[in-house]
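Number of protein chains: 2
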Amino acid sequence: MASRAHPVDGDLSPATDGGDLPIKSSPHRHKVGIPPKQNMFHDFMYTFKETFFHDDPLRHFKDQPKSKQFMLGLQSVFPVFDWGRSYNLKKFRGDLIAGLTIASLCIPQDIGYAKLANLDPKYGLYSSFVPPLVYACMGSSRDIAIGPVAVVSLLLGTLLRAEIDPNTNPDEYLRLAFTATFFAGVTEAALGFFRLGFLIDFLSHAAVVGFMGGAAITIALQQLKGFLGIKQFTKKTDIIAVLDSVFSSARHGWNWQTILIGASFLTFLLTSKLIGKKNKKLFWIPAVAPLISVIISTFFVYITRADKQGVQIVKHLDKGINPSSFDQIYFSGDNLAKGIRIGVEAVAIGRTFAAMKDYQIDGNKEMVALGVMNVVGSMSSCYVATGSFSRSAVNFMAGCQTAVSNIIMSIVVLLTLLFLTPLFKYTPNAILAAIIINAVVPLIDIQAAILIFKVDKLDFIACMGAFFGVIFVSVEIGLLIAVSISFAKILLQVTRPRTAVLGNIPRTSVYRNIQQYPEATMVPGVLTIRVDSAIYFSNSNYVRERIQRWLLEEEEKVKAASLPRIQFLIIEMSPVTDIDTSGIHALEDLYKSLQKRDIQLVLANPGPLVIGKLHLSHFADMLGHDNIFLTVADSVESYCP
Amino acid sequence: MASRAHPVDGDLSPATDGGDLPIKSSPHRHKVGIPPKQNMFHDFMYTFKETFFHDDPLRHFKDQPKSKQFMLGLQSVFPVFDWGRSYNLKKFRGDLIAGLTIASLCIPQDIGYAKLANLDPKYGLYSSFVPPLVYACMGSSRDIAIGPVAVVSLLLGTLLRAEIDPNTNPDEYLRLAFTATFFAGVTEAALGFFRLGFLIDFLSHAAVVGFMGGAAITIALQQLKGFLGIKQFTKKTDIIAVLDSVFSSARHGWNWQTILIGASFLTFLLTSKLIGKKNKKLFWIPAVAPLISVIISTFFVYITRADKQGVQIVKHLDKGINPSSFDQIYFSGDNLAKGIRIGVEAVAIGRTFAAMKDYQIDGNKEMVALGVMNVVGSMSSCYVATGSFSRSAVNFMAGCQTAVSNIIMSIVVLLTLLFLTPLFKYTPNAILAAIIINAVVPLIDIQAAILIFKVDKLDFIACMGAFFGVIFVSVEIGLLIAVSISFAKILLQVTRPRTAVLGNIPRTSVYRNIQQYPEATMVPGVLTIRVDSAIYFSNSNYVRERIQRWLLEEEEKVKAASLPRIQFLIIEMSPVTDIDTSGIHALEDLYKSLQKRDIQLVLANPGPLVIGKLHLSHFADMLGHDNIFLTVADSVESYCP
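Protein sequences appear in the order of chains A and B. Position one of the first sequence corresponds to residue 146 (this note's numbering), numbered consecutively onward. Position one of the second sequence corresponds to residue 146 (this note's numbering), numbered consecutively onward.
Since the hints were derived computationally from the structure, they do not count as laboratory data. Only a predicted model underlies this, so the values are computations on that prediction, with no experimental measurement involved. Among the hints, erroneous ones may be present.
[To be verified] Okay, derived cross-link-like pairs now, DSSO-like style, lysine-lysine, Cα gap no bigger than 27 angstroms in a straight line:
#	chain 1	residue 1	chain 2	residue 2
1	A	K426	A	K376
2	B	K380	B	K426
3	B	K704	A	K423
4	A	K211	B	K704
[Said to hold, decoys possible] Chain B side only, calculated, beta carbon under 10 angstroms to chain A, not exhaustive:
#	residue
5	A352
6	K634
7	Y736
8	D779
For each residue, glycine too, the CB sits at the ideal point set by N, CA and C.
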């Protein structure tokens with residue numbers, strides 16, 4: 146293995162003498178390397194590439210003939226040209242089964258989710274017909290199942306309702322929904338094309354867990370209307386208003402037949418989910434359970450005419466495929482601005498909660514596909530669709546091979562729209578409510594919350610803040626809390642970097658944080674501090690002040706113990722990847738104030754960018770080139786021979 | 146020196162054999178320390194302290210009797226009780242000279258600066274009377290000279306004028322100015338008291354240099370009105386509108402007598418500045434030059450009656466000290482909100498450009514002093530005052546000993562207000578213009594801009610963006626550009642941390658960036674990557690993808706050179722100070738994808754927080770505790786013995 150390697154020795158080998166012998170001076174001290182100067186253009190291009198093309202998406206295009214490049218380009222935009230060529234009957238079998246499974250799952254969900262967005266049930270089905278077809282041509286993941294999802298539907302409904310009342314102005318409301326969907330698509334495509342997707346990755350995992358849990362509970366609470374057969378229901382979403390509405394209607398508004406149907410089928414759904422969880426091979430049981438529930442309950446209501454007993458039913462579901470809606474999109478006026486705003490918000494949220502993040506695919510290319518899909522969708526009566534967590538998992542387990550499973554699902558939805566919608570007439574609303582409750586239960590991720598609690602208490606506070614914000618106030622406030630906390634965390638990270646006092650680990654030349662390694666000992670007369678971040682304007686003053694405080698504290702300790710006074714302050718710069726002019730000023734200030742107290746400032750292992758800038762700004766000259774070392778050990782060795 | 150120290154050896158000692166001998170296994174491998182568990186409260190308090198009390202302001206209060214603590218507290222809020230007790234005649238001599246010097250400098254400046262804020266000249270003088278008195282009791286710096294400053298006056302004028310026209314509504318304008326000053330003070334005091342000053346340190350040094358340069362040119366251009374004796378002048382501040390206004394008035398609007406007076410005294414002022422720069426001992430020449438200019442020019446106009454020739458003069462300056470203005474502050478209505486907004490903006494800018502930043506004093510305590518001073522000021526007809534860069538420097542050089550120099554200045558201003566204002570009647574406006582031009586010239590810091598250009602090209606673009614934004618559009622747009630660029634930089638820092646491939650520096654056990662140290666060699670079969678930032682939700686995906694790209698590139702190289710395939714991927718975690726659940730997920734994903742390709746993931750030197758979290762989340766178990774090492778050298782040694 147190590148035949149070509151230079152020897153890696155000495156680091157942890159025992160000292161020749163365990164104790165107090167003076168340290169021998171190294172015959173060849175290594176200089177801190179100054180990287181070759183780059184010109185401005187090269188510098189800029191490097192930063193540009195690392196920022197926007199860190200995954201080197203054009204890698205495959207290098208050194209290829211023109212015709213091949215064209216083919217690769219086509220395949221890159223339409224992956225169907227890639228996997229389509231090797232498609233065969235065996236793959237189709239897998240896709241067919243997976244497609245049928247997710248279709249059986251999505252049809253009842255779609256009808257319910259459309260209601261969360263305050264839209265007619267048919268728009269849910271529409272949105273599971275056109276977008277999956279577009280995605281099948283352009284998307285690069287084979288597992289992802291496309292369609293409306295619960296959280297985005299709820300958020301879109303909340304945002305749209307804030308602008309237009311869906312009950313008094315249903316037509317305008319619908320037009321605004323299409324407008325928002327159109328601009329959601331445009332935003333996604335633009336962010337993806339310009340590789341700016343990372344700009345909207347601004348929610349911390351903890352905030353997402355909290356928000357999702359809160360949204361799930363909010364969605365489940367909204368289902369109590371259908372589940373309990375309540376006629377008068379609040380339009381607010383906070384838990385207090387909803388429970389108040391539920392209990393105040395308890396005397397006359399509940400319908401026991403509805404509750405009976407809803408409760409028994411919810412039990413059935415939850416049981417089947419449990420079975421699927423226990424035995425991964427039986428994943429198809431929870432997958433088909435919703436459709437079975439719909440069929441049985443519809444048939445049951447039809448023969449018992451339970452709707453005459455007050456059991457609310459779907460009543461009417463339009464037949465026929467998506468009508469064109471291009472002329473419905475607002476391209477001018479007030480509603481244009483509203484549509485853009487809501488669309489952009491929906492994208493930001495949709496992206497954060499989308500299933501894509503867990504797949505190792507090119508996020509930016511994926512966003513272009515989703516964007517085109519929503520633009521096309523908005524012109525064919527669909528509202529915002531994205532990748533669904535739960536259905537994607539089922540798709541994968543059902544053995545999908547390619548995006549054809551989305552096409553199969555799309556065809557099933559098409560057939561449903563063409564022929565089967567009248568059959569939904571007697572489907573009780575309670576069943577749809579039960580299906581949605583069942584679908585959002587996994588969003589309440591208690592395991593994740595426990596892990597967050599264990600790993601980071603501050604993160605847990607963020608998680609709970611978002612959670613309670615959603616359930617006690619509103620979805621938007623919950624989101625605002627989640628975003629604010631995430632930003633506050635970024636701000637803290639940037640303005641308050643960590644610093645640590647280092648000590649020498651016995652019998653090595655390694656210097657480590659003395660809090661982590663209590664056995665590490667400090668060299669008398671020397672204080673070694675590691676700064677754990679780039680030094681920028683945002684933290685340069687803090688870093689300087691914190692270092693001075695470490696020094697002050699150490700000096701007090703040294704004085705109390707009558708040890709030799711501190712003569713050298715070594716800053717271990719390994720983690721300091723960059724420095725700006727403010728940072729250099731802070732070092733200058735520190736150097737000057739130390740000089741007054743006769744303490745020598747020493748830098749250990751400044752990185753390539755830092756050493757370059759220290760030279761350019763002449764701070765290296767001010768400090769003295771002899772006071773910049775490759776390692777902490779090296780500098781200690783130089784000063785305390 | 147090193148008598149108590151453990152030996153620091155081996156690190157750079159030559160290998161026993163220069164070349165290909167297998168590396169000997171170390172008999173005692175150090176474990177990665179896991180810090181003792183902290184409870185939630187302790188954890189929270191530590192973070193809280195490091196965030197808000199990193200400078201340990203209560204240090205002096207520890208272990209003191211109650212009475213002493215009270216005294217210390219009093220001295221902390223009113224430092225005058227501290228330095229006042231040892232005040233003596235010798236110190237007073239220094240303060241007297243310094244106070245007289247800065248008074249002679251500030252009086253003509255004040256009159257001009259008030260005009261930048263679209264206020265009567267007397268408000269400039271008012272603001273140099275009350276605020277310095279308050280500061281003298283509460284401020285902790287002895288050098289800082291208090292009063293109106295050019296950039297804040299310009300910005301306040303711009304913000305106020307956007308709300309109320311000072312020509313048609315002078316009374317309301319004045320009231321809004323007091324309201325903004327009041328809330329500027331309240332904001333300062335609150336931020337200081339809650340130790341949140343760092344929240345508004347959001348402008349990078351480069352952006353500040355650009356903004357200041359642009360503001361200086363904008364201020365100088367505004368002075369052309371007085372300097373050239375133009376009667377009709379544009380109200381816009383951008384260079385094109387101003388120059389257009391200047392040249393279109395050239396035929397009939399300029400007054401040669403005015404130009405003659407202005408130009409000769411500007412030459413005098415600039416020459417005296419040059420003399421002061423060449424010989425630091427003659428600093429008093431530029432300090433008294435403005436007052437001398439005022440006296441001579443006023444006398445000259447008085448005897449020649451040049452004002453009859455079209456030379457514009459001050460004409461009228463109210464006699465008497467600051468009237469109360471408490472009842473003028475808006476505490477309700479629309480103007481309250483406007484006043485708050487403008488006040489907060491003025492603070493944010495004032496703080497960024499304040500002289501305080503360069504002094505090593507407690508920034509938060511200082512903000513409380515400034516805040517109280519502006520609150521009191523707003524009630525006594527003053528507008529926003531702060532520490533002046535240029536006058537503080539003069540104060541220092543004139544030998545000020547304590548804040549008494551501010552009191553002396555204040556008394557001189559008081560005497561001026563009481564007795565000397567009528568003398569300003571014949572002062573030509575051209576002189577005030579020349580004094581202001583002379584005062585803002587040092588704000589154009591070409592040296593700093595050149596340094597920024599040399600050190601960081603991207604920073605230079607930020608600097609120029611702010612500069613051209615101010616001079617070509619407006620002060621607010623320039624500020625917006627400066628803030629946006631600064632934020633973008635923070636965002637980049639957080640979302641795109643650096644990573645580096647490490648190699649072994651020959652004859653050492655040190656691993657360093659191979660780009661910085663071309664002599665560093667990579668160990669065959671091993672790829673070592675250092676991640677240079679905490680791994681959080683904001684960058685976890687990027688870090689994972691970037692590591693995978695390094696691996697891919699390295700594998701291609703290895704393949705091309707027919708070297709042994711890569712079996713170990715070592716991540717040097719020293720700079721990774723923290724990790725959150727998203728970051729742990731990213732490591733898990735990386736581990737799994739490497740496992741599929743039969744590559745072992747190895748971690749080197751995770752810090753105290755990171756190792757604790759890796760254990761709690763069971764990632765350490767998944768990875769295997771044997772795959773976490775203290776150093777890179779240690780892990781290479783283990784795998785390639």
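Status of each hint after checking the structure:
1. A:K426 to A:K376: violated (41 angstroms)
2. B:K380 to B:K426: With Cα atoms ~42 angstroms apart, K380 of chain B and K426 of chain B exceed 27 angstroms; violated.
3. B:K704 to A:K423: The given pair, whose Cα atoms are some 45 angstroms apart, is violated under the 27 angstroms limit.
4. A:K211 to B:K704: holds (25 angstroms)
5. A352: holds (8 angstroms)
6. K634: holds (7 angstroms)
7. Y736: violated (13 angstroms)
8. D779: holds (6 angstroms)
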